[in-house]
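There are 2 protein chains.
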Amino acid sequence: MSYKNFPMVSKVVFGRGSFNQLSEILAPKRLSMNAPFIYIIDDVFKNNQWLTSRIPLAYDDKILFISTEEEPKTSQVDAIVEDIILTTKELPSGIIGIGGGSVLDLAKAVSIMLTNEGEAKDYQGWDLVKHPAIYHVGIPTISGTGAEVSRTTVLIGPEKKLGINSDFTPFDQVILDSELTKDVPKNQWFYTGMDCYIHCIESLKGTYLNTFSETYGNMSLELCKEIFLDNNLTAEESEEKLMMASWHGGMSIAYSQVGVAHAMSYALAYVLGVKHGIGNCIVFDHLEEFYPEGVKLFKAMKEKHNIMLPQGICADLSDADFDKMTTIALNLVPLWENALGKNWKQIITPKKLKELYQKM
Amino acid sequence: MSYKNFPMVSKVVFGRGSFNQLSEILAPKRLSMNAPFIYIIDDVFKNNQWLTSRIPLAYDDKILFISTEEEPKTSQVDAIVEDIILTTKELPSGIIGIGGGSVLDLAKAVSIMLTNEGEAKDYQGWDLVKHPAIYHVGIPTISGTGAEVSRTTVLIGPEKKLGINSDFTPFDQVILDSELTKDVPKNQWFYTGMDCYIHCIESLKGTYLNTFSETYGNMSLELCKEIFLDNNLTAEESEEKLMMASWHGGMSIAYSQVGVAHAMSYALAYVLGVKHGIGNCIVFDHLEEFYPEGVKLFKAMKEKHNIMLPQGICADLSDADFDKMTTIALNLVPLWENALGKNWKQIITPKKLKELYQKM
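As given, the protein sequences belong to chains A and B, one line each in that order.
My numbering puts the first residue of the first sequence at 2, with every later residue one more than the last.
My numbering puts the first residue of the second sequence at 2, with every later residue one more than the last.
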């Protein structure tokens, strides 16, 4: 038996307003006047002076505003990398991602592809990255994905939705400033928070679970209950706790894996372009069979916050679409094995999976 | 307000038997044939083939067995560093500490002092280290101190017991193999486990607490209760959970601080040479005034495991000794401020502190 050697985020600042420390954190990391810092920022912040006025631009530093209407793609990573290489005099001093899971994953992938040859799609998988990434910083502005702490960056490639999993993927620096999450719209807050909740359930109910992942998962799950069910917190407390729930939920997957909801949601994202947070919710709502208690609590949370999930999103799909979706989902072997054990193929068949999708 | 930028352990393996992976973990870190790995190991393992036969010695690698009868000293660090410099052809490829908090702290301090000039005592304090340490690995063989995850290495110097707190202190690699803790004597298991429990109480009841530290502290505290009070676990489960409790308890102090028990116990160690784990227990047993619920639970745990603490250890002390002890304890300003707030000097006076010591 061999255990994973898990790489952690190198440095982390936590605190309300800690975003103000960005300048002093980056200063010693500037390699030269010609090696800029590149900021990859969710374009919801485009005219947000409150945030952008605190970004310490100097020399050739620049901001790339990124739309997160769609899930991040390998081709998008390649385009950003090409743009950076063509427009900077030297390799950047650092890549700083400011946004949700999509933006953080883009920042991680770009920092890797700046020092590794070829295209991003070549690195989708496990431990394919050869060279250390450029120094990269993650600053979440919404909580739940765990992207701030994970060793992966999940991308849609030409053939699959799969992460670049490597020791070089985790951030060198994370800034956890819950104040940056204060203006997240309620639905998005719920969907992304549920990404964290579902991580916990899939991790804690999985066959891969060990004590390391269990303790992180339990802590994150307790926080999710406090935030989404008990509902006795001030806005600020709730934002701080959700930020930590996301962090611990991400750590919980270090040794375990996600499960049925993520496998099915990945395929929904690939075929229909359904975004990760809401996709997880749509799927998880129908998984009583696999996670009876988890789904019960999820429905209670949904009700408490008056969340109406889209219905019938698979209504117009062709058989070919369903085939594609079930094939993509079933290819995610570790997720099914974690969820259902070694004999998972006897439990979940293409036919059964299609029936599940048809309910959604 | 400025928040700490906390450096984390770079890589961690968790799993029963993961010690077997040491060889493959170290192999890529060997800088040359002349740059050995130096193992600093608790001498309780001196004739323990089960452990030592799995240490992958090659070229000029060597093992230094260290007695942990006494708390680690700055002079001891200097002596080990001098020995390494005189007997190796090049700076070591890595320092590997295998033992409890004392050994882990020695390994951290030695790895720092191999690349920083002067004596270890010069670096007792905060952020005095100039150069990155030699690659260093921590492998705990007893759980509770949190030394495996902290950014300090606590040493007794000629003038004080104080840590070398720096961004270069945390381990580059930690191996958490609970099997290595299976033969810890019961009293030592309890004292060191209580170090963790007391970290949690001091952190959670401190004025420095934030949400980051609170979530880690809560998780660790729950694990301590499960292990030391509920007592429904198998030996293996208990060992695994205590290892994680220690890890999370250590992380909890990242943003908070320890408190009254540690301040008083540091002075006991300095003046009487009382070891850290038992010293904390002796002190904490008398701190109802500061931590009423925490001390109540502590007494219940003590009773459950039939632990008899030494009594009257301060009985023969002179007034000069008491003066020295209270002075040393009261010098630890951040600990008192965390425990009692900004006006701590009005709550704890030298006279009151002496009276507390006299009970012990």
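Among the clues, some could well be false.
Claimed, not checked - Here are the simulated PhoX-like cross-link-like pairs (lysine-lysine), alpha carbons at most 25 Å apart as the crow flies:
| hint | chain 1 | residue 1 | chain 2 | residue 2 |
| --- | --- | --- | --- | --- |
| 1 | B | Lys305 | A | Lys30 |
| 2 | B | Lys300 | B | Lys343 |
| 3 | B | Lys12 | A | Lys12 |
| 4 | B | Lys74 | A | Lys183 |
| 5 | A | Lys30 | B | Lys226 |
| 6 | B | Lys206 | B | Lys303 |
| 7 | B | Lys131 | A | Lys226 |
| 8 | B | Lys30 | A | Lys5 |
| 9 | B | Lys131 | B | Lys187 |
| 10 | A | Lys5 | B | Lys206 |
| 11 | B | Lys352 | A | Lys30 |
| 12 | A | Lys30 | A | Lys206 |
| 13 | B | Lys30 | A | Lys131 |
| 14 | A | Lys161 | A | Lys303 |
| 15 | B | Lys353 | B | Lys305 |
| 16 | A | Lys206 | A | Lys300 |
| 17 | B | Lys5 | A | Lys12 |
| 18 | A | Lys12 | B | Lys30 |
| 19 | A | Lys360 | A | Lys346 |
| 20 | A | Lys226 | B | Lys183 |
| 21 | A | Lys12 | B | Lys360 |
| 22 | B | Lys187 | B | Lys303 |
| 23 | B | Lys12 | A | Lys131 |
| 24 | B | Lys131 | A | Lys206 |
| 25 | A | Lys325 | A | Lys360 |
| 26 | B | Lys226 | B | Lys161 |
| 27 | B | Lys131 | B | Lys183 |
| 28 | A | Lys5 | B | Lys131 |
To be verified - If the Cβ cut is set under 7 Å, some of the chain B residues that face chain A in the computed set are:
| hint | residue |
| --- | --- |
| 29 | Asn6 |
| 30 | Phe7 |
| 31 | Lys12 |
| 32 | Val13 |
| 33 | Gly16 |
| 34 | Thr208 |
| 35 | Tyr209 |
| 36 | Leu210 |
| 37 | Phe213 |
| 38 | Met220 |
| 39 | Glu241 |
| 40 | Val296 |
Hints are computed from structural coordinates only; laboratory data are not their basis.
The model shown is predicted, which means the values in this text are computed figures rather than measured ones.
By construction, the Cβ of each residue, glycine as well, lies at the ideal position given by its N, Cα and C atoms.
Results for each hint:
With a C-alpha separation of about 53 Å, the suggested pair B:Lys305 and A:Lys30 falls outside the 25 Å cut-off, and the hint is violated. The straight-line distance between the Cα atoms of B:Lys300 and B:Lys343 is roughly 29 Å, outside the 25 Å bound, and the hint therefore fails. About 12 Å separates the Cα atoms of B:Lys12 and A:Lys12, which keeps this hinted pair within 25 Å; it holds. This hinted pair does not check out: B:Lys74 and A:Lys183 have alpha carbons roughly 48 Å apart, beyond 25 Å.
This hinted pair does not check out: A:Lys30 and B:Lys226 have alpha carbons roughly 43 Å apart, beyond 25 Å. A hinted pair counts as satisfied when its Cα atoms are at most 25 Å apart, and B:Lys206 with B:Lys303 qualifies at roughly 21 Å. Restraint check: the Cα-Cα separation between B:Lys131 and A:Lys226 comes to about 44 Å, which exceeds 25 Å; the hinted pair is violated. Taking the CA atoms of B:Lys30 and A:Lys5, the gap is about 17 Å. The hint holds against a cut of 25 Å.
With a C-alpha separation of about 41 Å, the suggested pair B:Lys131 and B:Lys187 falls outside the 25 Å cut-off, and the hint is violated. Of the pairs offered as hints, the one joining A:Lys5 and B:Lys206 is violated, with about 35 Å between alpha carbons and a cut-off of 25 Å exceeded. Distance check on the hinted pair: B:Lys352 and A:Lys30 sit about 50 Å apart at the alpha-carbon level, beyond 25 Å; violated. With a CA separation close to 41 Å, the supplied pair A:Lys30 and A:Lys206 exceeds the 25 Å bound.
Proposed proximity of B:Lys30 and A:Lys131 is supported: the alpha carbons are some 16 Å apart, at most 25 Å. Between the alpha carbons of A:Lys161 and A:Lys303 the distance comes to roughly 30 Å, so the proposed pair goes past 25 Å and is violated. Of the supplied pair hints, the one linking B:Lys353 and B:Lys305 is violated, its CA atoms being roughly 31 Å apart against a limit of 25 Å. Distance restraint check for A:Lys206 and A:Lys300: the Cα-Cα separation of roughly 18 Å lies within the 25 Å cut-off, and the hinted pair is therefore satisfied.
Our distance criterion of 25 Å between C-alpha atoms is met by B:Lys5 and A:Lys12, whose separation comes to about 10 Å. As the CA atoms of A:Lys12 and B:Lys30 are separated by approximately 22 Å, the hinted pair is consistent with the 25 Å bound. Of the pairs offered as hints, the one joining A:Lys360 and A:Lys346 holds, with about 21 Å between alpha carbons and a cut-off of 25 Å not exceeded. Taken as a hint, the A:Lys226 and B:Lys183 pair is broken in the structure, with Cα atoms around 35 Å apart against an allowance of 25 Å.
Between A:Lys12 and B:Lys360 the alpha-carbon distance is near 43 Å, which puts this suggested pair outside the 25 Å criterion. Distance check on the hinted pair: B:Lys187 and B:Lys303 sit about 12 Å apart at the alpha-carbon level, within 25 Å; holds. Only pairs whose Cα atoms come within 25 Å are accepted, and B:Lys12 paired with A:Lys131 is accepted, the gap being roughly 18 Å. A distance of roughly 46 Å separates the Cα atoms of B:Lys131 and A:Lys206; the hinted pair therefore is violated under the 25 Å criterion.
A hinted pair counts as satisfied when its Cα atoms are at most 25 Å apart, and A:Lys325 with A:Lys360 qualifies at roughly 17 Å. Between the alpha carbons of B:Lys226 and B:Lys161 the distance comes to roughly 33 Å, so the proposed pair goes past 25 Å and is violated. For the suggested pair B:Lys131 and B:Lys183, the alpha carbons sit about 38 Å apart, so the restraint of at most 25 Å is broken. The straight-line distance between the Cα atoms of A:Lys5 and B:Lys131 is roughly 32 Å, outside the 25 Å bound, and the hint therefore fails.
Below 7 Å, beta-carbon pairs count as interface contacts, and B:Asn6 has one with chain A at about 5 Å; its hint therefore holds. Of the supplied interface hints, the one on B:Phe7 holds, with its beta-carbon coming within about 5 Å of a beta-carbon of chain A, less than 7 Å. Below 7 Å, beta-carbon pairs count as interface contacts, and B:Lys12 has one with chain A at about 5 Å; its hint therefore holds. Interface restraint check: B:Val13 against chain A, minimum CB-CB distance 5 Å, threshold 7 Å, status holds.
Nearest Cβ of chain A to the Cβ of B:Gly16: about 3 Å, under the 7 Å cut. The hint holds. With 7 Å as the threshold, the beta carbon of B:Thr208 stays out of range of chain A, its nearest partner Cβ sitting at about 15 Å, so the hint is violated. Because the closest C-beta pair between B:Tyr209 and chain A is about 12 Å apart, greater than 7 Å, the hint is violated. A distance limit of 7 Å between C-beta atoms decides the matter here; for B:Leu210 the minimum to chain A is near 12 Å, and the interface restraint is violated.
The interface hint given for B:Phe213 is met, as the beta carbon of that residue sits about 4 Å from the closest beta carbon of chain A, less than 7 Å. The interface hint given for B:Met220 holds, since its Cβ lies 4 Å from the closest Cβ of chain A, which is under the 7 Å cut-off. A distance limit of 7 Å between C-beta atoms decides the matter here; for B:Glu241 the minimum to chain A is near 4 Å, and the interface restraint holds. A cut of 7 Å between beta carbons decides the hint on B:Val296: the least distance to chain A is about 25 Å, and the hint is violated.
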